[in-house]
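Build the complex from these two chains, which are given one at a time in their own frames, with help from the hints.
So the protein lines, in turn, are chains A and B. Here the first sequence is numbered in the working numbering, starting from 288 and rising by one per residue. Here the second sequence is numbered in the working numbering, starting from 17 and rising by one per residue.
Note that these hints are calculated values from the structure, not bench results. Just so you know, not all the hints are guaranteed correct.
[Unchecked claim] Short, incomplete list of chain A residues facing chain B, as computed with Cβ under 8 Å: (1) 367; (2) 385; (3) 393; (4) 396.
[What the hints assert, rightly or not] With a straight-line Cα cutoff of 20 Å, these simulated EDC-like cross-link-like pairs (lysine to aspartate or glutamate) come out: (5) 179/B / 500/A; (6) 179/B / 464/A; (7) 312/A / 365/A; (8) 312/A / 105/B; (9) 476/A / 491/A; (10) 179/B / 382/A; (11) 476/A / 464/A; (12) 179/B / 189/B; (13) 179/B / 380/A; (14) 476/A / 418/A; (15) 476/A / 497/A; (16) 476/A / 500/A; (17) 312/A / 106/B; (18) 476/A / 415/A.
Ideal Cβ placement from N, Cα and C applies to all residues, glycine included.
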Amino acid sequence: MTSRDGAAGPPALAIRDLTVAYRDKPVLWDVDLTLPRGLLTAIIGPNGAGKTTLIKAAMDMVPALAGTVEIFGRPYREQRRLVGYVPQRTSVDWDFPTDALDVVLMGTYGELGWVRRPGRAEIARAMDCLEQVGMTAFARRQISQLSGGQQQRVFLARALAQNAELYFMDEPFAGVDATTERAIVELLKTLRARGKTLVCVHHDLQSAPDYFDWVALLNGRLIAAGPMAQAFTEENLVRTYGGRLPLPAVAGAAPA
Amino acid sequence: MSALIELLGDYTLRTVALGSALLGITSGVLGSFAVLRRQGLLGDVLSHAALPGVCLAFLLTGTRTPAVLLAGAAVSCWLGAAALFRVVEETRVSEDSVMGIVLSVFFGFGIVLLTFISKRGDAAQAGLNTYLFGQAATLVWENVVTMAALGLLAIAAVVLWYKEFKLLAFDPEFATSLGYNTRRLGLLLTSVTVVAIVIGLQTVGVVLMAAMLVGPAVAARQWTSRLSRMLVVAALVGALSGLSGALISMSQPRLPTGPMIILSLTALVVVSLLLAPERGLLWERRHRRGRRRDRGPEASGDGA
Chain A
288 MTSRDGAAGP
298 PALAIRDLTV
308 AYRDKPVLWD
318 VDLTLPRGLL
328 TAIIGPNGAG
338 KTTLIKAAMD
348 MVPALAGTVE
358 IFGRPYREQR
368 RLVGYVPQRT
378 SVDWDFPTDA
388 LDVVLMGTYG
398 ELGWVRRPGR
408 AEIARAMDCL
418 EQVGMTAFAR
428 RQISQLSGGQ
438 QQRVFLARAL
448 AQNAELYFMD
458 EPFAGVDATT
468 ERAIVELLKT
478 LRARGKTLVC
488 VHHDLQSAPD
498 YFDWVALLNG
508 RLIAAGPMAQ
518 AFTEENLVRT
528 YGGRLPLPAV
538 AGAAPA
Chain B
17 MSALIELLGD
27 YTLRTVALGS
37 ALLGITSGVL
47 GSFAVLRRQG
57 LLGDVLSHAA
67 LPGVCLAFLL
77 TGTRTPAVLL
87 AGAAVSCWLG
97 AAALFRVVEE
107 TRVSEDSVMG
117 IVLSVFFGFG
127 IVLLTFISKR
137 GDAAQAGLNT
147 YLFGQAATLV
157 WENVVTMAAL
167 GLLAIAAVVL
177 WYKEFKLLAF
187 DPEFATSLGY
197 NTRRLGLLLT
207 SVTVVAIVIG
217 LQTVGVVLMA
227 AMLVGPAVAA
237 RQWTSRLSRM
247 LVVAALVGAL
257 SGLSGALISM
267 SQPRLPTGPM
277 IILSLTALVV
287 VSLLLAPERG
297 LLWERRHRRG
307 RRRDRGPEAS
317 GDGA
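For reference, chain B alone in the conformation it holds in the complex (with noise of 0.2 Å):
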């Protein structure tokens, strides 16, 4: 116990605890409407496609600042998302493959320009590469701050338009018939995704981000049948797997941040996915017996 608070009181362990948490809320309430919207490869496509922005902004300006790293790869998973939509809207290409190639073309190169920033064999390009699985020991206060500040624009964002984007979600057809562009509605709500992801780039990375935008819903949605109650839950699930995350790899040694958020969050959603009242499977199954029971031996002939 003392030991805990010993950490808490520990500056790297407050900066990379807050950061990931922060990482997080933002990534549990934008997800859940990626969920809701059937999208949930959006994600994907979004955080892998934002490591060549990483890249050409260092290539560009030879710093290895986040905050400039960060807007190339706001910049990169940006135009990915407008080739994704832009395709899928002029070709016959179904849109499951359209977002398979966007996410290979844009990770592929982006490795590309890895490779080489790594072959030039400058001492800055060191660190570059924790992008790829996220590396939360390199945040900084001022990274925390910059996530904090990130973060609150995006959730302002859902806030202000919290009915146009749950009407987007449920009734696209009829959000078009009451005159809202659902493209460009569909775009905002795909932007402010963007600045989701964006912040868990230094702490998950771009392979892992997806599914700290899809799990938080994921196990949200088994433990409400409301859209708010659902996004202050995926806030806390993805607060909680960021906090415990971020904990278990500091209490030891040579253990990941970014990948043990994400074995914590899978952790949560397993559990959700058993135990949640009326739509978790052991909860169904006990019901289901008991319904049986209920009903008595000379019913249950009936089978089903």
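Just chain A, with the same shape it has in the complex (with noise of 0.2 Å):
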């Protein structure tokens, strides 16, 4: 890879053109978003909106009708290596018996690849990764008996050994309690502060301008994209949510 310095090299992400549709049922349509290295963005819109399929297109997970996902100027497939995913808590099923480190060692199975098993430097790793989301002493846990935002914390790890370059995180403040939504806001600056790029899902307009630096609404559409002061205003709020808007949110917001 060239330099993480912010603006030198190719984009983290280069999307074009991108539609999608499951079945005939279009979800996202002509979809063109290009997110400069070592930001946080968001990704903001109502329910359906096609914010979870961005992502998953992004990674190749489904198939696109047409346009092309550049990660740092290359194809999705030749640089998978690079890219680190935290899907939504709720994904899968948290009553599979293992504990919090195994979990967290899935991050590493990327570079293994086929057969070969976790060793000591991998476990290290985990370790470590378990640590920085303050989770060492729940390591051998059982992951049901983890609370929501341990689990959470734990999904985190599993990313960040993964060791990728850019981040996409799927609702990673859903239904998690407000220390360990603290813990994750400081952990994404961290993050960002080792030019790390990172894309949210994210459901709260609220916090939206507080814990990110780009934002970008979609509704099928992509409807703006952009540093948050310029993108996230009354104006392209009520053109993303058309009449559900959440009023308390366009507070939030600059003035159009």
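Here's what the structure looks like:
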């Protein structure tokens, strides 16, 4: 890779003309989105706007009808090792028979490849990642015994273990307690300070301007994208949410 | 006691007991993954889908050699799985409905073939319908050797791809994001499961085989919260039910082996559901009452 320095080199993520449909139902229309490196970006929009689909399509997890995605200037397939992923916490069964450390170790599977098992080096790295999310004491805890916030931290630690440059996170703040929310915000800022690029699906309009540098407003189509102060306007929010705009949220937005 | 020792010296008994234990071990291990992937019914579909394969193999070759019939069973199992996945992917029909359809179609076709074979009245057909409910007494030593070889193959596959199968069962989306082809991985796991099913067809039969996959896994999950241990416990539960079912049925005249294995397994599952620490119903109830006592009478007013 070239330099991690903000402006240099190709953008962290460049999506062009992306169109995705589930069966015949279009979910994303003609999305163009380019994100520079080293920023925290929120993807915001109403339910069913295609936020999750957008990050899944960017990671080649759902087939696109049209469009291209480039990660640091190259197709995703060549850059997979540079991408980390935090799925929605509710997407897995937390009663699965395993412990926190084991889940975090899964973050190392990508570079291990087929058949090879994680060894001492991987375990040390996983423990380090657990420490970064304040979960060292819970390494050997059965995952069903963790609170929602703790489970979310385990998922974040797993993504850290991927050692990626660009992270996609699907609702990392959903259903977590206030302590965890603060811890996650700190972690995101630490990652940004290390030059990582983060893209989070986010649902809380009020906290968005405080937590993120950039925003992409989405509702099937991309309504607006850019630095928070320019894109997160009342006018754009109304265009994104239509009549369904939760009113108090507008207070957080920059005047149109 | 001396009667038991005498029994163990018996060739038939040794063969049947060993075969049943082998079947229990493999189906316990592979069934654990099926249960954790919430595909408990998949085993039912696959084992029923084996029947037409058994009949067609007989019709094509004219032999009743188990190895030939089981090869036919494996192919038709696998076709059933492929049909199932294909239809789920290509249509809007829900997975459980497709499972119901595939199971009935394959099993129905198998019964048609079985009836056709028996109507032909040739003597060689006698014994094909033992594949419905299994008949352990028909096992001979070579069958057990085949079962052991297949079982070893299935277990070796799980050891080799343990990490991949675990990831697939826990978080297939994350597996996809890491670059694993989860469709191919799922098909691989299903193929190994087919091997486990084929091992059980002679002893337990197509109708009851699903229980051999689900039962040991459900019991094992009660006793441990670690996947590696769960696989070992499921193998032990499977082996124990196979052994005890075989011993009970052989010690009494006119008791069928396959159903006895399933009944022994059911007993172990019930005991596990009731008594296991942490997850057992009785353990939970006692624990809850204990906690209420600890809080003292004045705290018990808040209900819950």
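Hints and how they fare:
1. Nearest Cβ of chain B to the Cβ of residue 367/A: about 5 Å, under the 8 Å cut. The hint holds.
2. The beta carbon of residue 385/A is positioned within 8 Å of a beta carbon in chain B (closest approach about 6 Å), and the interface hint is therefore held.
3. This hint holds: residue 393/A has a C-beta 6 Å from the nearest C-beta of chain B, less than the 8 Å allowed.
4. The beta carbon of residue 396/A is positioned within 8 Å of a beta carbon in chain B (closest approach about 6 Å), and the interface hint is therefore held.
5. Annotation: proposed proximity of residue 179/B to residue 500/A is violated, straight-line Cα distance about 38 Å (limit 20 Å).
6. For the hint pairing residue 179/B with residue 464/A, the CA-to-CA distance comes to about 32 Å; that exceeds 20 Å, so the pair is violated.
7. Note on residue 312/A and residue 365/A: the hinted pairing is violated, with a Cα-Cα distance of about 30 Å set against a maximum of 20 Å.
8. Distance restraint check for residue 312/A and residue 105/B: the Cα-Cα separation of roughly 16 Å lies within the 20 Å cut-off, and the hinted pair is therefore satisfied.
9. Taking the CA atoms of residue 476/A and residue 491/A, the gap is near 18 Å; set against the 20 Å cutoff, the hint holds.
10. This hinted pair checks out: residue 179/B and residue 382/A have alpha carbons roughly 18 Å apart, not beyond 20 Å.
11. Taking the CA atoms of residue 476/A and residue 464/A, the gap is near 19 Å; set against the 20 Å cutoff, the hint holds.
12. At most 20 Å may separate the alpha-carbon atoms for a hinted pair to count; residue 179/B and residue 189/B meet this at roughly 15 Å.
13. Restraint check for residue 179/B and residue 380/A: the C-alpha separation of about 17 Å stays at or below 20 Å, so the hint holds.
14. Distance hint between residue 476/A and residue 418/A is fulfilled; the C-alpha atoms sit about 16 Å from each other, no more than 20 Å.
15. Among the hinted pairs, residue 476/A with residue 497/A is consistent with the structure: their alpha-carbon atoms are about 11 Å apart, no more than 20 Å.
16. This hinted pair checks out: residue 476/A and residue 500/A have alpha carbons roughly 10 Å apart, not beyond 20 Å.
17. With a C-alpha separation of about 15 Å, the suggested pairing of residue 312/A with residue 106/B holds against the 20 Å cut-off.
18. With a CA separation close to 18 Å, the supplied pair residue 476/A and residue 415/A stays within the 20 Å bound.
Hints 5, 6 and 7 from the list above are not met by this structure, while the remaining hints are.
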